[in-house]
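Using the sequences plus the hints, can you model the full thing?
Quick note: the sequence shown uses our numbering, first residue 1, plus one each step.
Because the hints were derived from the structure by calculation, they are not lab data.
Careful: at least some of the hints might be erroneous.
The calculated lysine-lysine pairs, modelled on BS3-like cross-linking and capped at a C-alpha distance of 27 Å, are [to be verified]:
1. K156 <-> K48
2. K271 <-> K48
3. K53 <-> K86
4. K145 <-> K171
5. K188 <-> K156
6. K83 <-> K44
7. K83 <-> K176
8. K48 <-> K83
9. K176 <-> K188
10. K156 <-> K83
11. K108 <-> K188
12. K44 <-> K86
DEER-style ranges, computed between Cβ atoms [claimed, not checked]:
13. K188 <-> Q50: 40 to 48 Å
14. Q251 <-> L146: 39 to 47 Å
15. Y88 <-> P169: 25 to 33 Å
16. A66 <-> F131: 22 to 30 Å
17. N58 <-> K104: 18 to 26 Å
Everything numeric in this text was worked out from a predicted model, so none of it was measured.
We put the beta carbon where it would ideally sit given N, CA and C, even for glycine.
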Amino acid sequence: MTAARFEGISATASLASLKGSLPEKSALVKEGSRPPEALFDWEKYYEKEQQLKNVLANTEASVGAAHPSVADILNELGEFYRKYGKYYEAEVFLERALQIRTMKLGIKDPLVSDSLATLAKLYCNQGRFTFAEPLYIRALTIKEKLLGIADYQVIKLLNDLGDLYLQFPAKMSKAKLFYQRALTSGQKFKGIHNPQLAASLNGLGIIAFTEGRLEIAKQLYQEALNIYHALPLEDQTLAEIYNNLAVYYHQQRELDQAEDFYLHALGVGEKCLGPNHPQLAVTLTSLAVFYQEQQRFHE
1 MTAARFEGIS ATASLASLKG SLPEKSALVK EGSRPPEALF DWEKYYEKEQ
51 QLKNVLANTE ASVGAAHPSV ADILNELGEF YRKYGKYYEA EVFLERALQI
101 RTMKLGIKDP LVSDSLATLA KLYCNQGRFT FAEPLYIRAL TIKEKLLGIA
151 DYQVIKLLND LGDLYLQFPA KMSKAKLFYQ RALTSGQKFK GIHNPQLAAS
201 LNGLGIIAFT EGRLEIAKQL YQEALNIYHA LPLEDQTLAE IYNNLAVYYH
251 QQRELDQAED FYLHALGVGE KCLGPNHPQL AVTLTSLAVF YQEQQRFHE
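Put into structure tokens, the structure is as follows:
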């Protein structure tokens, strides 16, 4: 059994036991059920989509279709669609934003780096990792020269490259190198309350789990979860940490713990991404296998 990263695929950590108890299942989902679609506000989604489209149309009419201000809105629209799994629409807007920024601002501008990184993230979502790698490297090179190694944006790009290399067993050592770089820089930047520090720990936990160092993996996942408890923040990385802890406890046959973490992973993921996002497949599949093993077929 493997653990899993939502934005590609990866897997199952803890210095100590959970600080405080997990929230009750009822806070996110009922036992044995998917979270209700009501957790996701579709009305707000469509309102935001229309708002961005209106701003784009008005800005294009005001300053022209190739203005950097238009690229800003295109990038925001593309990231909006990427977040909610509409990858075709996202690619159209993100590629156009990158083209405008490169043409108007030059290849070394920080906004070009942002466009490169966002497009690379989309390619990772689509499984097009060989397309994503050179974009991430270009983005990192620009940001490191402008901001230095201890900037939050640089740390995030280091983690993103770690996530990318994690998809290739032959490049696991590269993934570990980037996570360790991000971890070192993250500790200097904002210490324990930095969510990118949690992302680095989660990535290193996945590597440890893959290498069979399960207790080390558990410790790293737990440390990452403790950071999130101190923030507090609910996002895709938190859902992934829950999922990876679920996989650990599932393999250890601690089934009550495993189910709690699977359901929390699904609850947070669905709340953040919407009920039909393709990246939820990781946890849904794991939970289905979990129930099938216990012959709980109705769930």
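Going down the list of hints, with the structure as the test:
| no. | hint | in the structure |
| --- | --- | --- |
| 1 | K156 <-> K48 | holds (26 Å) |
| 2 | K271 <-> K48 | holds (16 Å) |
| 3 | K53 <-> K86 | holds (15 Å) |
| 4 | K145 <-> K171 | holds (25 Å) |
| 5 | K188 <-> K156 | holds (14 Å) |
| 6 | K83 <-> K44 | holds (14 Å) |
| 7 | K83 <-> K176 | holds (26 Å) |
| 8 | K48 <-> K83 | holds (13 Å) |
| 9 | K176 <-> K188 | holds (19 Å) |
| 10 | K156 <-> K83 | holds (17 Å) |
| 11 | K108 <-> K188 | holds (26 Å) |
| 12 | K44 <-> K86 | holds (16 Å) |
| 13 | K188 <-> Q50: 40 to 48 Å | holds (42 Å) |
| 14 | Q251 <-> L146: 39 to 47 Å | holds (43 Å) |
| 15 | Y88 <-> P169: 25 to 33 Å | holds (30 Å) |
| 16 | A66 <-> F131: 22 to 30 Å | holds (24 Å) |
| 17 | N58 <-> K104: 18 to 26 Å | holds (19 Å) |
Figure legend: structure checked against the earlier numbered hints; every hint is met.
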